[in-house]
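*Asks:* Each chain, letter by letter, is given below.
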Amino acid sequence: MSDNRATSVAFVRTETVPPSPPPFTTSGPVKWAKDNLFSTPAYFLLTVAALYLIYLILSNTLPWIFNGIWTTSSLAECRDVLNGVSGGCFSVLTERWNQLLFGFTYPSELYWRPSLAFVLLFVAAAPVLFYKLPRQLLIVTGLFPFVAFYLIWGGTILAPIVALLGFVAGYVVYARLVSVSFAAGFFGGIVAAIIVWYIGGKLIPDGASETAWLTPVASRDLGGFMLNMMLGVTCVSLSLPLGIALALGRQSNMPLIKWICVVFIEFIRGVPLITLLFVASVMLAYFFPPESSTDLFLRVVIMITMFSAAYIAEVIRGGLAALPRGQYEAADSLGLDYAQAMRLIILPQALKISIPGIVNIAVGLFKDTTLVSVISMFDILGMIRGPILASTEWNGVYWELLGFAALLFFVVCYGISQYSQWLERQLATDHR
Amino acid sequence: MTTITDPPQGAFRLSMLINDTRYRSYTFQFVALIALISAFAYLGSNLFSNLAAAGLNISYDFLGSTAGYDINQTLVEYTSQSTNGRAALVGILNTLLVAFLACVTATVFGVIAGVLRLSNNWLVSKLMAFYVEIFRNIPVLIWIIIIFTIMTAVMPGARSYLGEEPDRDLLFGMFAFTNRGVYAPAPTWLPGSGIVVATFIASIIAIFAYRRYATKMLYDTGKLLPTGWPSLALLFVPTLVMFFLLGQPIGLDMPDPLANRFNLQGGIQIGAPLIALWIALSVYTGAFIAENVRAGIQAISKGQTEAAGALGLRSGRIMKLVVLPQALRVIIPPLISQYLNITKNSSLAIAVGYADITATLGGITLNQTGRAIECVLLLMLFYLTISLSISGIMNVYNNSVKLKER
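In the order they appear, the protein sequences are chains A and B.
Count along the first sequence starting at 1, add 158, and that's the number in my numbering.
Count along the second sequence starting at 1, add 142, and that's the number in my numbering.
Everything labelled a hint here was simulated from the structure, so no lab data went into it.
Just so it is clear, CB atoms sit at the ideal spot from N, CA and C, and this is done for glycine as well.
There may be inaccurate statements among the hints.
Unchecked claim - Chain A is nowhere near these chain B residues, computed Cβ spacing over 10 Å in every case:
1) 174
2) 330
3) 487
Unchecked claim - Pair ranges (Cβ atoms, derived):
4) 222/B - 361/A: 54 to 64 Å
5) 519/B - 241/A: 49 to 59 Å
6) 417/A - 455/B: 20 to 30 Å
7) 444/B - 215/A: 32 to 42 Å
8) 400/A - 360/B: 52 to 62 Å
9) 483/A - 466/B: 26 to 36 Å
10) 447/B - 411/A: 41 to 51 Å
11) 466/B - 190/A: 24 to 34 Å
12) 231/A - 466/B: 34 to 44 Å
13) 268/B - 235/A: 32 to 42 Å
14) 345/A - 268/B: 51 to 61 Å
15) 206/A - 357/B: 50 to 60 Å
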């Protein structure tokens with residue numbers, strides 16, 4: 159039939175016309191630019207201003223970065239090479255690389271030890287951060303603090319072994335007693351650990367450190383970015399359990415416990431970290447027994463841990479408060495006791511809600527580790543402001559050094575916050 | 143823990159202190175009390191034996207003794223012969239000054255960046271995201287030092303403004319940016335200036351009164367009075383009229399490049415440490431405030447805007463009457479805790495040598511007198527007072543804007 163029609167009529171289209179492409183101005187990049195950059199006169203002005211700002215920033219920084227000199231040994235030499243052209247003297251980074259990372263008194267032949275500990279940190283952190291990895295890796299995480307301590311400080315291997323044995327003994331006692339009651343297991347475990355540490359401490363011979371495999375390094379020799387990493391990692395991991403305990407204590411219906419926690423949290427949150435660091439550097443020594451000499455690193459760790467624990471406690475309290483009452487009541491009606499209800503029902507949900515807040519605190523804490531430079535510890539900022547900028551070779555190389563420190567912190571902190579956003583998406587089990 | 147079974151009857155036995163939930167909390171609290179007391183006793187005994195060994199005592203007499211050091215930026219009269227207590231007061235005022243300045247500018251930066259980040263303009267919103275990420279992820283101490291370095295290492299010396307043929311001219315003939323700080327004109331108060339200031343304050347009160355009257359008219363009669371240009375007129379006209387009537391009693395004392403061969407004279411000098419701290423705290427905290435503002439605006443559901451539109455409101459009024467009041471309820475609590483952070487972070491002044499309370503009382507006074515415990519305690523007391531009063535204000539505000547659930 160169609161054949162007949164086709165032959166009888168002069169022209170009949172047999173297929174649909176393909177849609178013609180939209181006009182140039184309403185498709186592709188032009189349309190996008192029109193919609194997103196130049197839709198109204200105000201937007202046009204904003205876009206132009208933004209473009210100019212970007213141009214200003216790039217035209218100043220790009221030549222400086224690309225003309226950078228990486229191989230001279232002093233600022234004067236670098237300026238000679240540059241010969242008036244704008245460019246950065248990045249050779250300060252290559253020349254003082256080890257000082258920036260490890261501080262200026264850490265023995266240079268021992269740099270492999272903190273580096274190894276740094277690599278192990280990733281292995282240890284991996285199973286905590288990515289819960290799909292095999293659970294057996296958690297053994298590495300458990301062993302990491304002792305290995306890292308041994309690697310960084312060196313000395314006798316007996317000290318970390320005794321510390322580890324204390325934890326093992328505590329865990330064994332806890333596992334035995336927890337079937338009786340959680341409190342018995344918890345306190346029994348603590349007592350067992352303390353007994354092991356006390357006996358072990360007596361057993362370590364006095365001169366053990368001198369004949370050790372790894373040369374001992376004093377705490378005051380730590381420095382550079384290593385010190386920031388150590389303070390950050392140690393204090394975050396210590397303050398998390400302390401923060402959970404404080405948050406639970408603040409929710410408790412035992413008035414004394416509650417008020418101890420409230421006073422502690424509000425006091426710590428009310429004062430700046432720097433005053434707490436002053437406490438660590440000038441005041442805390444008065445509170446220790448006269449014969450003991452606690453080193454500054456430990457005192458700073460104590461204060462920063464207390465500081466971040468108070469903030470983490472508030473975040474977790476928010477998470478606890480956000481849980482519907484029904485969850486608490488359901489746990490009660492199942493006949494779970496307090497410890498079981500918290501461990502199995504409440505905390506898993508409350509901690510999940512608190513993840514963004516906890517990560518914010520962790521990032522803030524890591525940034526705040528730079529404050530130790532004020533109490534004359536030589537972290538990366540202390541190194542830059544102290545020995546490096548004061549040296550005759552590099553007096554005046556501000557931007558390269560400060561930019562490098564800023565870059566290191568940016569990479570770490572941005573990485574952590576991206577991880578937390580990823581984790582939130584992974585854990586989002588509601589609103590499917 | 144509640145229990146649905148009947149509580150066991152019978153006499154009290156000692157084992158119930160551990161096993162019975164009704165009595166167990168007393169046991170726990172008693173143990174906690176003992177632990178707390180013994181911890182304090184232990185620390186206190188250590189403290190006193192250490193102090194005795196060092197031949198020290200706890201005494202605040204040093205606050206009355208001569209400080210013996212100079213402070214270059216003070217709001218009240220201070221010389222090196224003043225007391226340590228006076229130095230601490232100077233520090234307190236300096237802390238409050240920089241905190242106040244930084245709070246104002248950080249709010250401005252934060253609101254602008256937060257609103258622009260929500261803009262449909264791709265480039266601008268990306269630029270603002272860049273600003274926020276850059277400043278949030280780099281320690282504030284590094285920012286303070288970077289900006290301080292810009293102030294001291296990049297800015298020209300005061301000499302380049304001096305002489306008959308200076309290398310640089312004053313900006314508008316008023317401002318000089320040097321590596322020692324910014325020189326700005328200082329107001330001089332001649333007789334009669336009080337009346338001008340009083341007029342200005344009175345006209346601000348008048349603006350509020352007029353706005354209230356306009357609202358009342360609107361509710362009573364439905365008549366809409368203009369508020370924009372009358373407010374502006376009220377703000378400027380009476381004050382200017384009074385200013386010229388009284389023969390310009392308020393003058394400006396300009397920085398003078400010719401008076402001295404070594405430095406600019408006259409005007410007020412805002413020191414480089416203050417400016418560095420101010421700018422750094424503002425841009426750093428501004429990034430955080432931007433996120434709060436963005437979260438606050440995004441927290442208002444689109445239905446609110448659409449409902450207001452359906453009622454026939456124009457977009458300006460939708461923002462003013464519907465979105466902002468609700469968004470502010472979300473924005474203000476974190477905003478106030480950012481203000482608190484600014485106040486606490488201003489203690490980093492010690493890194494650039496700005497004489498705030500941490501640098502005077504906790505720095506020089508502490509080092510000169512050796513009164514570590516007293517100084518640190520006073521320092522903590524000051525910050526604690528500020529923090530607790532600000533959070534007290536925040537609680538009052540939160541209660542006043544809380545959704546009234548019936």
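*Asks:* Taking 32 to 42 Å as the hint, is the beta-carbon distance of residue 444/B and residue 215/A inside that range?
*Replies:* With Cβ atoms ~35 Å apart, the hint holds.
*Asks:* Taking 54 to 64 Å as the hint, is the beta-carbon distance of residue 222/B and residue 361/A inside that range?
*Replies:* holds (58 Å)
*Asks:* Can the suggested window of 41 to 51 Å be confirmed for the beta-carbon pair residue 447/B and residue 411/A?
*Replies:* Roughly 43 Å apart at Cβ, these two residues keep to the hinted range, so it holds.
*Asks:* Residue 466/B and residue 190/A, beta-carbon distance inside 24 to 34 Å?
*Replies:* Taking Cβ atoms as reference, residue 466/B and residue 190/A lie about 31 Å apart, which means the hint holds.
*Asks:* Between residue 519/B and residue 241/A, is the Cβ distance one that fits in 49 to 59 Å?
*Replies:* Holds: the Cβ-Cβ distance is about 57 Å, inside 49 to 59 Å.
*Asks:* Holds or violated: 26 to 36 Å for the Cβ distance of residue 483/A and residue 466/B?
*Replies:* Taking Cβ atoms as reference, residue 483/A and residue 466/B lie about 33 Å apart, which means the hint holds.
*Asks:* Could you check the hint for me, namely that residue 345/A and residue 268/B are 51 to 61 Å apart, CB to CB?
*Replies:* Holds, since residue 345/A and residue 268/B (Cβ atoms, about 55 Å apart) stay within the stated range.
*Asks:* For residue 268/B and residue 235/A, compare the CB-CB distance with the range 32 to 42 Å and indicate the outcome.
*Replies:* With Cβ atoms ~40 Å apart, the hint holds.
*Asks:* Given a hinted range of 20 to 30 Å, is it respected by the beta-carbon distance of residue 417/A and residue 455/B?
*Replies:* violated (50 Å)
*Asks:* Non-interface claim for residue 174/B: all C-beta distances to chain A beyond 10 Å?
*Replies:* violated (6 Å)
*Asks:* If I claimed the Cβ atoms of residue 400/A and residue 360/B lie 52 to 62 Å apart, would that claim hold in this structure?
*Replies:* With Cβ atoms ~56 Å apart, the hint holds.
*Asks:* Could you tell me whether the CB distance from residue 231/A to residue 466/B stays inside 34 to 44 Å?
*Replies:* Taking Cβ atoms as reference, residue 231/A and residue 466/B lie about 59 Å apart, which means the hint is violated.
Taken one by one, the earlier hints fail for this structure at numbers 1, 3, 6, 12, 15, listed in ascending order.
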